[in-house]
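Required output: the full structure, derived from the provided sequences and hints.
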Amino acid sequence: MTINHILPFISTAIMLVFTVHVLQRFFVRRQAHFLFWGIGLAMFGAGSFAEAYLSLAWNEWVFFMWYLFGAALNAAWIGHGTLNLLIRKRWVHILTVLLVLGSLYAGYLMLQVMPALDSSIFTTERLISEQYGTKVLEPGEAAPPGRETTTMIYRGEQVTVVRGLLPLGSPVRLTTPFFNIYGLLTLVGGALYSAFLFWRKRVLPNRVIGNVLIAAGALLIGFASTLTRLGYGQYLYVAELVSAILMYIGFRYAARPQPSEGEVTQTIPAVAD
Amino acid sequence: MKHSTKDTKERKHLNKPSRIPGGSFVFDKFIPILLIIMGIMTVGLILFAAGVLLGFIQF
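Protein sequence lines, in the order shown, are assigned to chains A and B.
Here our numbering is used: the first residue of the first sequence is 1, the next is one more, and so on.
Here our numbering is used: the first residue of the second sequence is 1, the next is one more, and so on.
In case anyone wonders, no lab produced these hints; they're calculated from the structure.
Source: prediction; values computed, not measured.
Be aware that one or more of the hints could be misleading.
To be verified - Listed next, the in silico SDA-like pairs over lysine to any residue satisfying Cα-Cα at most 25 angstroms (straight line):
1) A:LYS89 / A:TYR108
2) A:LYS201 / B:LEU35
3) A:LYS201 / B:PHE56
4) A:LYS135 / A:TRP58
5) A:LYS201 / A:ARG252
6) A:LYS135 / B:LEU45
7) A:LYS201 / B:PHE25
8) A:LYS135 / B:PHE25
9) A:LYS89 / A:LEU109
10) A:LYS201 / B:ILE20
11) A:LYS135 / A:GLY169
12) A:LYS201 / B:LEU45
13) A:LYS201 / A:PHE223
Said to hold, decoys possible - Far from chain B by the CB rule (all over 10 angstroms, computed), these chain A residues:
14) TYR105
15) THR150
16) GLY222
Don't be surprised by glycine CBs; every beta carbon is placed ideally from N, CA and C.
Next up, the structure:
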């Protein structure tokens, strides 16, 4: 057992505490942004839990949860919560409908691919982020150590691929960039924009710092996801843990009560309140 | 009902929003540079994701 087998358990525990904290606020205040954050954070936690489980054993439905919630949807849902604070409600409602429909469609595509999962290559020796995707090898490119390759016909051409759990060209993999772009724009962009507004007005330093930490945490996981897509999945788990810690500290820091905060939040949107 | 001088001072303090301290290195230099760097990194990641989506970047 390596450190990478332990990290997802810690991330899961942190995300559980974070999610409960945010959902408690939703049930007290009944504000939609807390609900979307809570759902997105629960998805993040589900992804971490799936990583923890898959470091011990194989289960196709845990993999389903990992890919759909952990890789595809969570950033978009957390970011959608932030968007609730920044734009007019009418646009939020339209985007909410699109997000829900898009998430259901991604779930449908994931269900479609389930019978085609190549679980024979699964091993607990490697992280799930290192073995989920089937990747075409360019001419002269060597396969990563310990990975199985095979030759197949893809789009009319014979190609050599590194075998992965998801078949080559799975449509569900094309949905993740949509959600990731939306998540980056709304979660990171929203936190940076909020931090900038408070900084420009020279008020609520706790929210400037809090939003910077939230943006840093989200950016870190964005980079790790990009590296994973490029075949360097070994950094994902540590990035998730650091990201969970940064975002939780950022949220707590931004949510600290300040003098006359009510007057300020009426004029400036905040990522966390 | 009369308020003591101490009460009045406390109320004045609570009526002022928490301010970013002037002349702070963190808020005057570090935070703006960090915001710019993180903004650039965000745009970079979005372009990468768009490149994957449009087929410019193979995965």
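Quick rundown of the hints versus the structure:
1. A:LYS89 / A:TYR108: 28 angstroms, violated
2. A:LYS201 / B:LEU35: 15 angstroms, holds
3. A:LYS201 / B:PHE56: Measuring from Cα to Cα gives roughly 41 angstroms; hence the hint is violated.
4. A:LYS135 / A:TRP58: 21 angstroms, holds
5. A:LYS201 / A:ARG252: Between LYS201 (chain A) and ARG252 (chain A) the Cα gap is close to 21 angstroms, so the pair holds against 25 angstroms.
6. A:LYS135 / B:LEU45: Since the Cα atoms of LYS135 (chain A) and LEU45 (chain B) sit roughly 21 angstroms apart, the hinted pair holds (cutoff 25 angstroms).
7. A:LYS201 / B:PHE25: With Cα atoms ~17 angstroms apart, LYS201 (chain A) and PHE25 (chain B) stay inside 25 angstroms; holds.
8. A:LYS135 / B:PHE25: 47 angstroms, violated
9. A:LYS89 / A:LEU109: 30 angstroms, violated
10. A:LYS201 / B:ILE20: This hinted pair holds, its Cα atoms lying about 9 angstroms apart.
11. A:LYS135 / A:GLY169: 9 angstroms, holds
12. A:LYS201 / B:LEU45: 29 angstroms, violated
13. A:LYS201 / A:PHE223: 30 angstroms, violated
14. TYR105: 15 angstroms, holds
15. THR150: Correct as stated: the minimum Cβ-Cβ distance to chain B is 18 angstroms, above 10 angstroms.
16. GLY222: 5 angstroms, violated
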